[in-house]
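J.: Sequence:
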Amino acid sequence: GADGAPGARVLGFAAGEAGGRFASEDALFKQALGSLGTFYAHPNTMVWKLTAFPPDYDDPQRYQRKGNVAQYADRGWCFCEASWAAMVKDF
Numbered sequence: 001g002a003d004g005a006p007g008a009r010v011l012g013f014a015a016g017e018a019g020g021r022f023a024s025e026d027a028l029f030k031q032a033l034g035s036l037g038t039f040y041a042h043p044n045t046m047v048w049k050l051t052a053f054p055p056d057y058d059d060p061q062r063y064q065r066k067g068n069v070a071q072y073a074d075r076g077w078c079f080c081e082a083s084w085a086a087m088v089k090d091f
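Quick note, the sequence shown lines up with residues 1 to 91 if you use my numbering.
Please note that the accuracy of each hint is not assured.
No farther apart than 25 Å at their CA atoms in a straight line, the calculated lysine to any residue pairs in the SDA-like style are these [said to hold, decoys possible]: (1) K30 x G76; (2) K30 x D56; (3) K66 x L50; (4) K66 x A23; (5) K89 x A52; (6) K66 x A82; (7) K89 x A23; (8) K49 x Y72; (9) K49 x R65; (10) K49 x C78.
Beta-carbon label-pair distances, calculated as ranges [unchecked claim]: (11) S24 x Y57: 29 to 37 Å; (12) A23 x Y57: 28 to 36 Å; (13) W77 x A23: 34 to 42 Å.
The set of hints was computed from the structure by calculation and includes no laboratory data.
For each residue, glycine too, the CB sits at the ideal point set by N, CA and C.
All chains, please: the whole structure from these sequences, using the hints.
T.: Okay, here's the thing in structure tokens:
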């Protein structure tokens, strides 16, 4: 962490997309999936929810749409992560 304490960062969009991983990375990713609920539901884990696209997201000059473009509440992993975090946090 910023204070020198051990820490970790998990980015949902980076963790959820399988494309582009090496086999060794994919094996570690699959192993880590079993612990994500514990990570998000830990009282000392800080969770940020990015629940909306930028206002100009429909502008193809600024953004290239790829993958899942469903709204936050309609995404399976976002729902799981938010549910785990809500077990011990107030949003």
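J.: Evaluate each hint against the coordinates.
T.: Checked hints:
1. Taken as a hint, the K30 and G76 pair is honoured in the structure, with Cα atoms around 17 Å apart against an allowance of 25 Å.
2. Taking the CA atoms of K30 and D56, the gap is near 34 Å; set against the 25 Å cutoff, the hint is violated.
3. With a C-alpha separation of about 17 Å, the suggested pair K66 and L50 falls inside the 25 Å cut-off, and the hint holds.
4. Taking the CA atoms of K66 and A23, the gap is about 22 Å. The hint holds against a cut of 25 Å.
5. With a C-alpha separation of about 20 Å, the suggested pairing of K89 with A52 holds against the 25 Å cut-off.
6. Pair hint K66 plus A82 holds up; C-alpha atoms about 22 Å apart against a cutoff of 25 Å.
7. Annotation: proposed proximity of K89 to A23 is violated, straight-line Cα distance about 35 Å (limit 25 Å).
8. With a C-alpha separation of about 9 Å, the suggested pair K49 and Y72 falls inside the 25 Å cut-off, and the hint holds.
9. For the hint pairing K49 with R65, the CA-to-CA distance comes to about 20 Å; that is within 25 Å, so the pair holds.
10. In summary, the hint linking K49 to C78 is supported, as the alpha carbons are separated by about 8 Å, within the 25 Å threshold.
11. In this structure the hint that S24 and Y57 lie 29 to 37 Å apart at CB holds, the actual value being about 34 Å.
12. The beta-carbon spacing between A23 and Y57, approximately 33 Å, falls within the hinted interval of 28 to 36 Å.
13. Evaluation of the 34 to 42 Å hint for W77 and A23 yields a failure: the beta carbon distance comes to about 22 Å.
In terms of the numbered hints stated before, the structure departs from hints 2, 7, 13, listed from lowest to highest.
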